[in-house]
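Chemist: Here the structure of chain A is known, so what remains is to put chain B in place on it, guided by the hints.
Chains as they are written, first to last, in my numbering: chain A, 1 to 373; chain B, 1 to 128.
Treat the hints as calculated values from the structure; they're not laboratory data. Misleading hints may appear alongside valid ones.
Dumping the calculated DMTMM-like pairs for lysine to aspartate or glutamate here, alpha-carbon to alpha-carbon at most 25 angstroms [stated by the list, open to error]: (1) A:Lys9 / A:Asp235; (2) A:Lys36 / B:Glu126; (3) A:Lys36 / B:Asp98; (4) A:Lys36 / B:Asp20.
Pulled a few chain A residues facing chain B out of the computed Cβ check, cut under 7 angstroms [to be verified]: (5) Leu38; (6) Thr39; (7) Thr236; (8) Pro306; (9) Leu308; (10) Thr324; (11) Gln325.
Here a beta-carbon is modelled for each residue, glycine too, at the ideal position from N, C-alpha and C.
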Amino acid sequence: MSEAGAAVKTPLYEEHVAAGGRMVEFAGFELPVQYKSLTEEHHAVRERAGLFDVSHMGEIAIRGPAALDFVQLVSCNDHQKMTVGRAQYTGIMYPEGTFVDDTLVHKMADDEYLLVVNAANRHKDVAYLSEVAAEIDDVEVIDLSGDYAQLAIQGPLAEEILQPLTPENLSELKYYRFIEGGVAGTAAIIARTGYTGEDGFELYVEPSAAPGLWRAILDRGQPHDLKPAGLGARDTLRFEAGMSLYGYDIDNTTTPLEASLGWIVKFKKGDYIGRDVLERQKEEGVERKLVGFEMYERGIARHGYPVLLKEDDAEPVSHVTSGTQSPTLGRALGMTYLPIEATEIGTEFFVQIRNRTAPARVVELPFYSRKKK
Amino acid sequence: MMSIPDELKYGRSHEWVKADGDAVVVGITHYAQDQLGEVVYVELPDVGTSFATGDELGTLESVKAVSEFLAPIPGEVVEVNERLADEPNLVNDDPYGDGWLVKMSGSLDDEETLDANGYQEFLEEESG
Numbered sequence: 001m002s003e004a005g006a007a008v009k010t011p012l013y014e015e016h017v018a019a020g021g022r023m024v025e026f027a028g029f030e031l032p033v034q035y036k037s038l039t040e041e042h043h044a045v046r047e048r049a050g051l052f053d054v055s056h057m058g059e060i061a062i063r064g065p066a067a068l069d070f071v072q073l074v075s076c077n078d079h080q081k082m083t084v085g086r087a088q089y090t091g092i093m094y095p096e097g098t099f100v101d102d103t104l105v106h107k108m109a110d111d112e113y114l115l116v117v118n119a120a121n122r123h124k125d126v127a128y129l130s131e132v133a134a135e136i137d138d139v140e141v142i143d144l145s146g147d148y149a150q151l152a153i154q155g156p157l158a159e160e161i162l163q164p165l166t167p168e169n170l171s172e173l174k175y176y177r178f179i180e181g182g183v184a185g186t187a188a189i190i191a192r193t194g195y196t197g198e199d200g201f202e203l204y205v206e207p208s209a210a211p212g213l214w215r216a217i218l219d220r221g222q223p224h225d226l227k228p229a230g231l232g233a234r235d236t237l238r239f240e241a242g243m244s245l246y247g248y249d250i251d252n253t254t255t256p257l258e259a260s261l262g263w264i265v266k267f268k269k270g271d272y273i274g275r276d277v278l279e280r281q282k283e284e285g286v287e288r289k290l291v292g293f294e295m296y297e298r299g300i301a302r303h304g305y306p307v308l309l310k311e312d313d314a315e316p317v318s319h320v321t322s323g324t325q326s327p328t329l330g331r332a333l334g335m336t337y338l339p340i341e342a343t344e345i346g347t348e349f350f351v352q353i354r355n356r357t358a359p360a361r362v363v364e365l366p367f368y369s370r371k372k373k
Numbered sequence: 001m002m003s004i005p006d007e008l009k010y011g012r013s014h015e016w017v018k019a020d021g022d023a024v025v026v027g028i029t030h031y032a033q034d035q036l037g038e039v040v041y042v043e044l045p046d047v048g049t050s051f052a053t054g055d056e057l058g059t060l061e062s063v064k065a066v067s068e069f070l071a072p073i074p075g076e077v078v079e080v081n082e083r084l085a086d087e088p089n090l091v092n093d094d095p096y097g098d099g100w101l102v103k104m105s106g107s108l109d110d111e112e113t114l115d116a117n118g119y120q121e122f123l124e125e126e127s128g
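Pulled out of the complex, with its shape left as it was, chain A reads as follows:
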């Protein structure tokens, strides 16, 4: 363990420093916010490929004969039909139907699931899941975060770059599936998942193997102009793809239905934590909803800026949850919660930018979707 207050270095710290990474503390880890240029890294992922160190992410195993029952109890999605080798996105729910965290559930075996969780929530998640598990026989919650480093190679050329490093046939690995196999001579979970809106892979390996794998991928990627990419590009990429960030777009006060994540809320399954609240919300309709918006005059909306329905409103109706100048689309875009009657596409409202207000209008989410092959 590190000393109190000291940020943890990932196994790739030296690689980041050597590559000119601008290191910042994020969720208790020292990670690069960017190397040379955030926007170049962003465009590399959209057009070719980028390599991310996401070793800060937490990994929590759910093991035992009751593993499926337990996952079904804490998650709003339905995992009954998952087969081994599938990954599924979901929310871990409080009794209020709000998010403990959002997570990718991987089915490792009939009696084992691996939850990949946000770094900032890891300890909270382990405590919450352990508390729920204490009421159930035959299930264990095990924090495996220290056992894994995670690298993400993302972008249209990801498969082409990674394929020579593994004997597995990556073209047969479909989206949201994973295999356990070798990459660059090390054992890995190879998952076709990501947080950028592009095709790509997330690789889970033992920490000591991470630097060798990092260098092998950079080396293979060099002819394709693959770039190491930092947290800054990770954020702008996920934002354009309309993917929520915990602590910003979703948190312990928002439900998945309000967050426009209705597709992860299932009712054709048994009882689960928060179900009654979500069911009622589904029947009665939500009072507010997460929307995407664009600023169509001057100004960039940022996280935390007040949102006004009318320009001269004294009190904000909400705040911007995420917002930036989109590198791909070249426009200032944002996300916020609006009262349901104001969520129709084209609805105009205002964002307070420092000492002035600027007009915004509701647009479709996601802002960006890749062209599927």
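Modeler: For chain B alone, coordinates are given in the frame of chain A:
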């Protein structure tokens, strides 16, 4: 490495100033634009507005952050760099030239600004 031209004067919030006829040109330093990253939006003050030293003149925004730039000298804004509305990247590409921000009335007050050596030392102290 960081460029710090000898002929300019510098403010402690990383602006540079230079005399230009009766006016003083203000921009941000190479170091400041590097810290900020690619500038995507510049908010400039209205011509005719007066500022005291240290007042917020405007804001520079990169994809990841918002940064204020401050008046390194007291004075009235007599001109702003209109090109930055469409080409905010000039602040990165040519911080000491086409990426200038505003022109202010007034003169260089040597008590308040640093010379190139002084700014170099200031940067070294600041980065510890």
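Chemist: Now look at each hint and say whether the structure bears it out.
Modeler: Consistency of the hints with the structure:
1. A:Lys9 / A:Asp235: Judged against 25 angstroms, a Cα distance of about 20 angstroms means the pair holds.
2. A:Lys36 / B:Glu126: Measuring from Cα to Cα gives roughly 22 angstroms; hence the hint holds.
3. A:Lys36 / B:Asp98: Roughly 22 angstroms between the alpha carbons, so the hint for A:Lys36 and B:Asp98 holds.
4. A:Lys36 / B:Asp20: Status violated; Cα separation ~34 angstroms.
5. Leu38: holds, 5 angstroms
6. Thr39: Status holds, d = 5 angstroms.
7. Thr236: Holds, because the Cβ-Cβ distance from A:Thr236 to chain B comes to roughly 6 angstroms (cut-off 7 angstroms).
8. Pro306: violated, 15 angstroms
9. Leu308: Constraint on A:Leu308 not satisfied, violated at 19 angstroms.
10. Thr324: holds, 6 angstroms
11. Gln325: holds, 4 angstroms
Consistency note: the structure conflicts with the earlier hints numbered 4, 8, 9.
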